[in-house]
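Following the hints, position chain B against chain A.
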Amino acid sequence: MTSLLEHQLVFVTGKGGVGKSTVAAAIGCLGAASGRRTLVVEADGKGDVGAIFGRHGIGFEPVEVLPSLSVMEMDTEASLEEYLRIFVKVPMLSKMPGLARIFDFVSTAAPGVKEILVVGKLCYEAKENHFDLIVVDPPASGHVISQLGVTSDVGDLIQLGMIRNQTSWMLEILADQDRSTAVLVATPDETAVEESVELASRIRSETPVHLGGAVVNRVIHNPLGELEQAELERIRSVAGAAGQLGPVVEAADLYVGIATRHAGNIATLQAAMGELPVATVAELLGSEANLDLVMEVAESLEVELW
Amino acid sequence: MVREVWEPLARYSRLLVVGSGGVGKTTMAASLGVDAAVSFELRVLVVTVDPAKRLASSLGVGPLANTPVEIKLPASLEPRGKLFAASVDMKRAWDSLIEKHSPDAATQSRILASPIYHNLSSKFIGSYDYAAVEVLASLTAERSYDVVIVDTPPSRNALDFLDAPRRLREFFSSNLLALLTLPRRTRVFSLATRPFYLVAEAIMGGAFLSDLTDFFTDFSRLRDGLVAQSVGFSDLLTQEETGFIVVSDPYGPSVVEAERLLTALARRGIHEAAWFVNRSWPARLFSEEAETAARWLGSEGLELLLDQAGSELDRSIARRTVAEVLGIRDQIEMAHSRETLTRIDPSVPIFEIPIAAEELVDAAALARLVATARRFDPS
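Residue numbers (the working numbering), protein chains in the order written: chain A, 659 to 964; chain B, 24 to 402.
Next up, chain A with everything else stripped away, as it sits in the complex:
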């Protein structure tokens, strides 16, 4: 199996709030640290990834934020412009004043066209080899399925036209498991795991991209081994004698309880993933999504990443 960082296109998928941007940025850092020219693409253009690296207002042009690591924000309008310039080869059209309106038309009304422009840009970058590794931080679950699945969907709707002709080479890149892969990001709560299992099966059945593995983020690990657990019981009895230890032991009990629940849910996810690897990232309670956090996540992922 091709290791994660050896792929050209890595799609970091998962529902909102699980820390996709942080994981995508961390994978990007690992890619750059391994000497690959790496690009992190924020597909919903909200600026979260740029903000992690202290850069605001990064646009469609990649900006180098660390050595070998660039970030760009997807902008479908700019993508359309580039597309017209490269493929329609009519420079006049891309400079036409009504382009914004056409873009509105294309993206709002025509199903799949916006998605194609996003995926098309990603595949184009992969094809042009400007970067060794492109890590994509896509919008939340539902949309990523439409985006990745669009190469086959659009074929059904659009019988002719340029976009139809474009989908086959994209499909080739996306379906090649040595070039493209999807990473599932989840949190270790029961419902989140259930949803991830569902998302995993949708990636498998509705998109051409192969699922490579999962990252469970925000895991509370049990810091107490068996011996320490027994010792905690002893502390409890000592506490009984001294009184007042209640809140401290209570915190430990609660924490260990949550850790046990997380371990169980991770096992469920692992069972659903079968042979595929499941990496974990520890909960860093209350951390801001900043570079320190990303570096910490990258460090812990480095060991477990496939």
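Treat the hints as calculated values from the structure; they're not laboratory data. Heads up, some of the hints might be wrong.
[What the hints assert, rightly or not] In silico SDA-like cross-links for lysine to any residue, where the CA-CA straight-line distance does not exceed 25 Å:
hint: 1; chain 1: A; residue 1: Lys704; chain 2: B; residue 2: Pro276
hint: 2; chain 1: A; residue 1: Lys785; chain 2: A; residue 2: Ser826
hint: 3; chain 1: B; residue 1: Lys114; chain 2: A; residue 2: Ser863
hint: 4; chain 1: B; residue 1: Lys114; chain 2: A; residue 2: Glu856
hint: 5; chain 1: B; residue 1: Lys114; chain 2: B; residue 2: Gly85
hint: 6; chain 1: A; residue 1: Lys704; chain 2: B; residue 2: Asp186
hint: 7; chain 1: B; residue 1: Lys105; chain 2: B; residue 2: Leu383
hint: 8; chain 1: A; residue 1: Lys704; chain 2: B; residue 2: Glu282
hint: 9; chain 1: B; residue 1: Lys114; chain 2: A; residue 2: Arg862
hint: 10; chain 1: B; residue 1: Lys114; chain 2: A; residue 2: Arg860
hint: 11; chain 1: A; residue 1: Lys704; chain 2: B; residue 2: Asp183
hint: 12; chain 1: B; residue 1: Lys114; chain 2: A; residue 2: Val855
[As the list claims (entries may be wrong)] Some chain A residues flagged as far from chain B (calculated, every beta-carbon gap over 12 Å):
hint: 13; residue: Arg694
hint: 14; residue: Leu724
hint: 15; residue: Tyr782
hint: 16; residue: Ala833
hint: 17; residue: Thr845
hint: 18; residue: Arg862
hint: 19; residue: Pro881
hint: 20; residue: Ser895
hint: 21; residue: Glu933
hint: 22; residue: Gly944
hint: 23; residue: Ser945
hint: 24; residue: Val961
Heads up, the beta-carbon is just placed ideally off N, CA and C, and yes, glycines get one too.
Chain B only, in chain A's frame:
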């Protein structure tokens, strides 16, 4: 016993639960629903607009549909009222919108059969939010429920939901729709619109383009009905009976986000009912008493354990365990934004919903959650 949490909530007949992804909106909505049906002699409906089946799984029932089903609460909870649950099936909600507003049967069947409609209704950004408001409106209109609790869609921006009705109106009044339907209205292309079609045709192909214009010509015939209805939807969200609950977790970034959301809601004239700080660590852990206990465990307590230990190995285990136990409390204390919560003077009551070690997968666990919610006490 009626919980403290209902004090500011009881005056609303519609409660919308909002907040950014991952903070536990669905769990909060489900838990409020269960507790309302347990505590009051009312008919309570919980609606989820989450495409994933989270509400169903937390209530321990199978997949939910647009039509509410009664959730049998365990007798041990001694429920005084009744609980119902429904989930928004977006496709069905849109189908019913089309059926309701089509001027004639032919238009209706053309729209429903169009592959473009299928694609739009399932993927068009914002259509989910709109469908959710539609379901809320029709369920409220029925008046068969005393309280309707809504789990809003998982979107990056919690306000998308509120803006859905306005965005639909904007779509109908935009030049875009005029352009889309132009070829059907007139064969004469002006110089201004001609390049538009040239490019659109080059990109999508002529056949698809004409399918699109056909579809939007039909769709625009629904304008009057949909626009009138969406004005009603906007009103529904700002009425006296509609209250909003903002959910966050207890950590810095999420607390700041919730504060921002509350400000945005206030600006829209929306009634804010409460702020739920979900997964809060018990206030006891931050007390003076806890501080003293931690100090004791790190000094005298540890001495005591070391004295009792039989071997060097036992002593090492004692030291390690004490360090870990103290570390856990330190970590929680540092992360938990009690200071920020204290500094903020929100216009709404803040409730701390305790973090649970157990999985919240049945009605009894959900009821316990609200039962143990406490008004945030900065002292």
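Here is how each hint holds up against the structure:
1. Lys704/A to Pro276/B: holds (16 Å)
2. Lys785/A to Ser826/A: Answer holds: Lys785/A to Ser826/A is near 13 Å, not above 25 Å.
3. Lys114/B to Ser863/A: Between Lys114/B and Ser863/A the Cα gap is close to 21 Å, so the pair holds against 25 Å.
4. Lys114/B to Glu856/A: Holds, because 19 Å separates the two Cα atoms, which is no more than 25 Å.
5. Lys114/B to Gly85/B: holds (19 Å)
6. Lys704/A to Asp186/B: Given that 25 Å is the threshold and the Cα spacing comes to 18 Å, the pair holds.
7. Lys105/B to Leu383/B: holds (20 Å)
8. Lys704/A to Glu282/B: holds (20 Å)
9. Lys114/B to Arg862/A: Holds. Lys114/B to Arg862/A sits at ~23 Å (cutoff 25 Å).
10. Lys114/B to Arg860/A: holds (18 Å)
11. Lys704/A to Asp183/B: With a Cα-Cα distance of about 14 Å, the restraint between Lys704/A and Asp183/B holds, given a limit of 25 Å.
12. Lys114/B to Val855/A: Satisfied, since the Cα-Cα distance of roughly 23 Å is no more than 25 Å.
13. Arg694: Given that every Cβ of chain B is farther than 12 Å from that of Arg694/A, nearest at about 29 Å, it holds.
14. Leu724: Nearest chain B Cβ is 22 Å from Leu724/A, so the label holds.
15. Tyr782: Tyr782/A is indeed farther than 12 Å from all Cβ atoms of chain B, at 16 Å.
16. Ala833: holds (22 Å)
17. Thr845: Thr845/A is in fact no farther than 12 Å from some Cβ atom of chain B, at 7 Å.
18. Arg862: holds (17 Å)
19. Pro881: Non-interface label on Pro881/A violated, nearest chain B Cβ at 5 Å vs cutoff 12 Å.
20. Ser895: Its Cβ does come within 12 Å of chain B, the nearest being 10 Å, so this is violated.
21. Glu933: Since the minimum Cβ distance to chain B is about 25 Å, Glu933/A lies beyond 12 Å and the statement holds.
22. Gly944: At about 3 Å from chain B, Gly944/A fails to clear the 12 Å cut-off, so the statement is violated.
23. Ser945: Given a closest Cβ separation of 8 Å, the condition is violated.
24. Val961: holds (21 Å)
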